[in-house]
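A.B. asks: This is what each chain is made of:
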Amino acid sequence: MLKIEGLTVNYGGIKALKGIDMDVPEGKIITLVGANGAGKSTTLRSVVGLTKITSGKIYYQGQNITGKNTVDIVRSGIVLVPEGRRIFPNLTVYENLVLGGYCEKNKKIFDERLEHVCTVFPRLKERLKQKAGTFSGGEQQMLALGRALMANPKLLMLDEPSLGLAPLIVKNIFEIIQTINKSGVTVLLIEQNAKAALEIADYGYVLETGNIVLKGSGVELLSNENVRKAYLGIA
Amino acid sequence: MYILRTENVTMKFGGLVAVSDFNLEIKHNEIVGLIGPNGAGKTTAFNIITGQYTPTEGFVFFNNEDITTCSPYEITRLGIARTFQNIRLFKDMTVLDNVLVGNHLRLRSPLLSSVLRSPRYRKEERHMIQKSFNLLRDLGLDDVLYEKAYSLPYGKQRRLEIARALATDPKVILLDEPAAGMNPQESIELMNFIHEIREKFDLTILLIEHTMQVVMGVCERIYVLDHGVTIAQGTPEEIQNNPKVIEAYLGVN
Amino acid sequence: MNIESFFQHFSNAVSLGSLYALIAIGYTMVYGILRLINFAHGDIFMLGAYFAFYCLTLFMMPWWVGFIVAIGLTACFGILIERVAYKPLRNSPKVSVLISAIGVSFLLESLGVVIFGGIQKAFPIPDIFGKVVVIAGISIVSVNFFIPIIAIICLIALMYLVNYTKTGMAMRALSKDHEAARLMGIDVDRVISYTFGLGSILAAVGGIMWGMKYPQLYPLMGLMPGLKCFIAAVVGGIGNIAGAVVGGFVIGFIEIMTVAFVPELSGYRDAFAFILLIIILLVKPNGIMGEKLAEKV
Amino acid sequence: MKNDQKTRRILSIALIALVGIVLFLCNQYLDSYQLRIINLCGIYITLGLSLNLIYGFTGLFSLGHAGFMAVGAYTTALLTMPPQLKQMNFFLEPIVPWLANVEVGFFWALIIAGSITGLIGFLIGAPVLKLRDDYLAIATLGFSEIIRIVFTNLQNVTNGPLGLKGLPPYTTIWWSWGFALVSILFMAYLFKGSYGRAFIAIREDEIAAEAMGINIFRHKILSFTIGSFMAGIGGGLLAHLMGTIDPLMFRFLLTFNILLIVVLGGMGSISGTVISAIVVTVSMEYLRFLDGPMNFLIFKTDGIPGMRMVIFSLLLMIVILFFQRGLMGSKELSWDFILGPKDKTLNLPEEE
Numbered sequence: 001m002l003k004i005e006g007l008t009v010n011y012g013g014i015k016a017l018k019g020i021d022m023d024v025p026e027g028k029i030i031t032l033v034g035a036n037g038a039g040k041s042t043t044l045r046s047v048v049g050l051t052k053i054t055s056g057k058i059y060y061q062g063q064n065i066t067g068k069n070t071v072d073i074v075r076s077g078i079v080l081v082p083e084g085r086r087i088f089p090n091l092t093v094y095e096n097l098v099l100g101g102y103c104e105k106n107k108k109i110f111d112e113r114l115e116h117v118c119t120v121f122p123r124l125k126e127r128l129k130q131k132a133g134t135f136s137g138g139e140q141q142m143l144a145l146g147r148a149l150m151a152n153p154k155l156l157m158l159d160e161p162s163l164g165l166a167p168l169i170v171k172n173i174f175e176i177i178q179t180i181n182k183s184g185v186t187v188l189l190i191e192q193n194a195k196a197a198l199e200i201a202d203y204g205y206v207l208e209t210g211n212i213v214l215k216g217s218g219v220e221l222l223s224n225e226n227v228r229k230a231y232l233g234i235a
Numbered sequence: 001m002y003i004l005r006t007e008n009v010t011m012k013f014g015g016l017v018a019v020s021d022f023n024l025e026i027k028h029n030e031i032v033g034l035i036g037p038n039g040a041g042k043t044t045a046f047n048i049i050t051g052q053y054t055p056t057e058g059f060v061f062f063n064n065e066d067i068t069t070c071s072p073y074e075i076t077r078l079g080i081a082r083t084f085q086n087i088r089l090f091k092d093m094t095v096l097d098n099v100l101v102g103n104h105l106r107l108r109s110p111l112l113s114s115v116l117r118s119p120r121y122r123k124e125e126r127h128m129i130q131k132s133f134n135l136l137r138d139l140g141l142d143d144v145l146y147e148k149a150y151s152l153p154y155g156k157q158r159r160l161e162i163a164r165a166l167a168t169d170p171k172v173i174l175l176d177e178p179a180a181g182m183n184p185q186e187s188i189e190l191m192n193f194i195h196e197i198r199e200k201f202d203l204t205i206l207l208i209e210h211t212m213q214v215v216m217g218v219c220e221r222i223y224v225l226d227h228g229v230t231i232a233q234g235t236p237e238e239i240q241n242n243p244k245v246i247e248a249y250l251g252v253n
Numbered sequence: 001m002n003i004e005s006f007f008q009h010f011s012n013a014v015s016l017g018s019l020y021a022l023i024a025i026g027y028t029m030v031y032g033i034l035r036l037i038n039f040a041h042g043d044i045f046m047l048g049a050y051f052a053f054y055c056l057t058l059f060m061m062p063w064w065v066g067f068i069v070a071i072g073l074t075a076c077f078g079i080l081i082e083r084v085a086y087k088p089l090r091n092s093p094k095v096s097v098l099i100s101a102i103g104v105s106f107l108l109e110s111l112g113v114v115i116f117g118g119i120q121k122a123f124p125i126p127d128i129f130g131k132v133v134v135i136a137g138i139s140i141v142s143v144n145f146f147i148p149i150i151a152i153i154c155l156i157a158l159m160y161l162v163n164y165t166k167t168g169m170a171m172r173a174l175s176k177d178h179e180a181a182r183l184m185g186i187d188v189d190r191v192i193s194y195t196f197g198l199g200s201i202l203a204a205v206g207g208i209m210w211g212m213k214y215p216q217l218y219p220l221m222g223l224m225p226g227l228k229c230f231i232a233a234v235v236g237g238i239g240n241i242a243g244a245v246v247g248g249f250v251i252g253f254i255e256i257m258t259v260a261f262v263p264e265l266s267g268y269r270d271a272f273a274f275i276l277l278i279i280i281l282l283v284k285p286n287g288i289m290g291e292k293l294a295e296k297v
Numbered sequence: 001m002k003n004d005q006k007t008r009r010i011l012s013i014a015l016i017a018l019v020g021i022v023l024f025l026c027n028q029y030l031d032s033y034q035l036r037i038i039n040l041c042g043i044y045i046t047l048g049l050s051l052n053l054i055y056g057f058t059g060l061f062s063l064g065h066a067g068f069m070a071v072g073a074y075t076t077a078l079l080t081m082p083p084q085l086k087q088m089n090f091f092l093e094p095i096v097p098w099l100a101n102v103e104v105g106f107f108w109a110l111i112i113a114g115s116i117t118g119l120i121g122f123l124i125g126a127p128v129l130k131l132r133d134d135y136l137a138i139a140t141l142g143f144s145e146i147i148r149i150v151f152t153n154l155q156n157v158t159n160g161p162l163g164l165k166g167l168p169p170y171t172t173i174w175w176s177w178g179f180a181l182v183s184i185l186f187m188a189y190l191f192k193g194s195y196g197r198a199f200i201a202i203r204e205d206e207i208a209a210e211a212m213g214i215n216i217f218r219h220k221i222l223s224f225t226i227g228s229f230m231a232g233i234g235g236g237l238l239a240h241l242m243g244t245i246d247p248l249m250f251r252f253l254l255t256f257n258i259l260l261i262v263v264l265g266g267m268g269s270i271s272g273t274v275i276s277a278i279v280v281t282v283s284m285e286y287l288r289f290l291d292g293p294m295n296f297l298i299f300k301t302d303g304i305p306g307m308r309m310v311i312f313s314l315l316l317m318i319v320i321l322f323f324q325r326g327l328m329g330s331k332e333l334s335w336d337f338i339l340g341p342k343d344k345t346l347n348l349p350e351e352e
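Residue numbers (the working numbering), protein chains in the order written: chain Y, 1 to 235; chain S, 1 to 253; chain D, 1 to 297; chain P, 1 to 352.
Next up, chain Y with everything else stripped away, as it sits in the complex (with noise of 0.2 Å):
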């Protein structure tokens, strides 16, 4: 579904990747594990045009999207939710869900999807006039993956969702993840939570300093001690 060919990117100097190679197939959850500052964000933001690329390809369902614009990328299906969660916090719930639905322009579908999202995120229905700024952050998170659905996304991309929350918030976030892609979005999931992350990946990558050092099923990475390599630096 999206390919990466030897995608590098420079900034002011630094080389944040160097020329990394991925593929994303249909349906599953891809997940791409490493350190801080191992290029991960800087893949993603690159897929949707935020970044500029210095060399390399990106296709999405076969065609070069390389270069493009986002909000063209946005409306093909690619949805980001990206770290930190950004979600708009001098808006209401309700407010950042029509945001996100952003280029729906029928209503009745819009309708549909937000009953969706509701569904899914029984807590944001509860306070859809609530403004998202008065949000803890694990239901930040979830406004954020609401926000993200209105769009209907194809592929869904999710930049460190465990940041900065509480572990069973997070287990409950990774089952959410898991729901949305049985209901048939492909994920490609970033996360310096290494564990949680292979756990439901259908397969992983691992990324050290702009290289993918690793590669193989969530299983095999789990078990796999250069994992814990890359991240403790243990010889």
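There could be a bad hint or two in this list.
[To be verified] Within a straight-line C-alpha distance of at most 30 Å, the following computed DSS-like cross-link-like pairs (lysine-lysine) qualify:
(1) P:Lys331 / S:Lys156
(2) P:Lys165 / S:Lys156
(3) D:Lys176 / Y:Lys129
(4) Y:Lys171 / S:Lys12
(5) P:Lys192 / D:Lys94
(6) P:Lys165 / S:Lys91
(7) D:Lys94 / Y:Lys107
(8) S:Lys148 / D:Lys94
(9) Y:Lys131 / D:Lys166
(10) S:Lys12 / P:Lys130
(11) D:Lys87 / Y:Lys105
(12) S:Lys91 / D:Lys176
(13) P:Lys130 / D:Lys87
(14) S:Lys131 / P:Lys192
(15) Y:Lys18 / S:Lys156
(16) S:Lys200 / S:Lys156
(17) Y:Lys105 / Y:Lys131
(18) P:Lys6 / S:Lys148
(19) D:Lys94 / Y:Lys52
(20) D:Lys94 / P:Lys130
(21) Y:Lys15 / S:Lys156
(22) D:Lys284 / Y:Lys52
(23) Y:Lys68 / D:Lys131
(24) Y:Lys171 / S:Lys156
(25) Y:Lys15 / S:Lys148
(26) D:Lys166 / S:Lys12
None of these hints come from the bench; they were simulated from the model.
Bear in mind that the values here come from a model prediction, so they are computed numbers and not experimental data.
Chain Y is fixed; fit chains S, D and P onto it per the hints.
C.D. replies: Coordinates of chains S, D and P only, in the frame set by chain Y:
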């Protein structure tokens, strides 16, 4: 006897507790690491020590002197210098000028005598230039004295930032992710470099780093923060085998 | 001061405050999403008044047609200015954009001198706005009644647009986070144009009514009201529409009432706003209703 | 290497001498209109440099220059006007007694004017320099307007809207260019030295500069005060060139002209400012013909901008949109630039 010490430092931003009850103790000439996952509060801790933030609670002591409420420039004058996570050089100035700016705080002559180039000022300026040159030579940057800072390759920019911090004659230097964006080879060089400057300038070093190779290789003691809480401290071996740390980094299932 | 003249001043202050509020909203909206002082906003206000003048005198349109055409034209100009002078500088330092804005402002003023002429022009006030109404012994020109009413209508319409339409939500979202807005598929440039359009419409309405209240037009007429309304926006809390309205009334009232009660200070009339600005900036830099914009190290 | 520096110094002295000779010849052979333009060039060099110090080098976007110039102009004028002239000017309301009989020489009047302006800059700067960018711009603009409005109303000190007329034409080429030269040398030496570097560091990155132990606030005030001092002197020179001053002269338009010079010349370039001050001043005069048709439409003053201002505002916009770094960027047209850079090894300042 600690050269740098924090006592129950807590920092709140609105409802968010960025750092809570942080107790750091660094002895003279130590190299100490501060690690933790994204958003753990490491840079906030740096900003508290260097005076960018005043903590909500707690104290910072430098040589037993309370510096909690000092402003950043006063702290630098006392002898704590720092570098920044996303290199903050004076981009449009030359390499030499960047380092000379680090000398400005020790200048005694008033503005007018610098413009009139009084003998006293000229003596000070000569001294400053000579000192900066020696520093740049020691750090291997003497071949780019008159290049603009922005034109340097990334690794050299990192070095220059350290050189500039050293120019303020610090006793303690705080390095915020010095190895960010470096490849393994450069990281190894950086480790040697950190050891070297400690010997040469009799420094005490506190560093934030994500590249574990560097942290484990260079630090004598490590503090681990997670969600603002200090979850562990100890030698690199202790840290690497501490289940709490592994959990914070690799996550739980 | 007797009760009659007090009411006279009061109605004056209300209508001046309404005009300030209308113009201040344009500053606050643009600042909210672009963090830019649209220095040329005062001149857009001037354009609105002149366009209406020419619609009525040169093209002999009925007044309401003329006003609508003028408002439409002004909105187009507002959008055009953003496209030409601000959009290319979206990634430049803040001050560069501000300089560009100052450039546009001077360009419009000097073009105004060249095209409209430097001499003052008398605004052709339609009869309905020019009547003198006598209520309980106080005679007030009818435009003073229309101004607050029209201002309230505009405000209600604006509040509806900003709070209940998708584009309005997008505007509010942009004021917090451009990137996240793009990730929603929001066309940021279009929303920005829309904002400039709305701001310019309000400025044009303000300009036309200003023309009827103080019936002289000259190319520099936007300068002072522009600065004062920017101050109104800051006083109210920049980025906050309700704040801009409050700020507009505060400045309108201070101006009229101080002069009314302390006539010796009338020469300093234009200075009040600036003094208020400096006090606000030092005491409460985020304004009466503003929220804190934190800066990150 | 020593020789290298010596050559440069000789070249500099030669250049100054050459400018001096040219000015002397101008003074001998040009008519008063042309001389006025040359005078204006000198004054605008001082003014441009003063704003460049504040904005271009220290990064403080201030729009208060017209106000500072007004303070300088009025102070100089009131200090130099002979008592009878004051009496003639203040016919509506007599001048306050403590000013009525003051008469000081031109030079001292300028220095006092500069000092008072500097003091006012200091007093204004202390509160407003905590603000940044656009807020600073609007606050300084506000102060400038307040100064103008106060001057319009202080009938018994400034003669209010009537202004002061018949000021003695003290400003000659030697005064205007003398101060220009002093300003150039001052700036050149300032930015060769440690304080200048600190100012630039503040412009480049305030947080990093503070982390280098620089007391940001003190340095900002210092730069702002010096800049105001220079603006005050420029204002005084301008007053005695024009012969007439009134509060309307010191509107925002005047600040705009100086801002145009700085932006066009390049923020943070001394030579750029010098060149663009001359270019802007000369072309403002040269393009005056564009305003011609306007002149009989409006009153017969030369202060009302028309087509000329269209061109200058377009110029400002073109520069900021397409050549953001201006004529020179932050480079200098120095001897290094002309003769090629010095060698790449360290050059220490000579001992004497």
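A.B. asks: For the pair we were handed, lysine 192 (chain P) and lysine 94 (chain D), check the Cα-Cα distance against 30 Å.
C.D. replies: holds (28 Å)
A.B. asks: Mind checking the alpha carbons of lysine 18 (chain Y) and lysine 156 (chain S) for me, to see if they're no more than 30 Å apart?
C.D. replies: Measuring from Cα to Cα gives roughly 20 Å; hence the hint holds.
A.B. asks: Quick one, are lysine 94 (chain D) and lysine 130 (chain P) close enough, alpha carbons at most 30 Å?
C.D. replies: holds (17 Å)
A.B. asks: Within a Cα-Cα threshold of 30 Å, do lysine 131 (chain Y) and lysine 166 (chain D) meet the stated pairing?
C.D. replies: holds (17 Å)
A.B. asks: Assess, step by step, whether the Cα of lysine 94 (chain D) is no farther than 30 Å from the Cα of lysine 52 (chain Y), and give holds or violated.
C.D. replies: Roughly 22 Å separates the two Cα atoms, so the pair holds.
A.B. asks: Holds or violated: are the alpha carbons of lysine 166 (chain D) and lysine 12 (chain S) at most 30 Å from each other?
C.D. replies: With Cα atoms ~35 Å apart, lysine 166 (chain D) and lysine 12 (chain S) exceed 30 Å; violated.
A.B. asks: Check whether the Cα positions of lysine 105 (chain Y) and lysine 131 (chain Y) lie no farther apart than 30 Å.
C.D. replies: Holds, because 24 Å separates the two Cα atoms, which is no more than 30 Å.
A.B. asks: Is lysine 165 (chain P) close enough to lysine 91 (chain S), meaning Cα to Cα at most 30 Å?
C.D. replies: Judged against 30 Å, a Cα distance of about 50 Å means the pair is violated.
A.B. asks: Decide if the proposed pair is consistent with the structure: lysine 171 (chain Y) and lysine 156 (chain S), CA atoms, cutoff 30 Å inclusive.
C.D. replies: Given pair lysine 171 (chain Y), lysine 156 (chain S) is violated - Cα atoms ~43 Å apart, limit 30 Å.
A.B. asks: Please work out if lysine 165 (chain P) and lysine 156 (chain S) have their alpha carbons no farther apart than 30 Å.
C.D. replies: violated (62 Å)
A.B. asks: Holds or violated: lysine 15 (chain Y) with lysine 156 (chain S), Cα cutoff 30 Å?
C.D. replies: holds (14 Å)
A.B. asks: Is the Cα-Cα distance between lysine 15 (chain Y) and lysine 148 (chain S) 30 Å or less?
C.D. replies: Status holds; Cα separation ~21 Å.
Hint compliance for this structure: hints 2, 6, 7, 22, 23, 24 and 26 are not met, and every other hint is.
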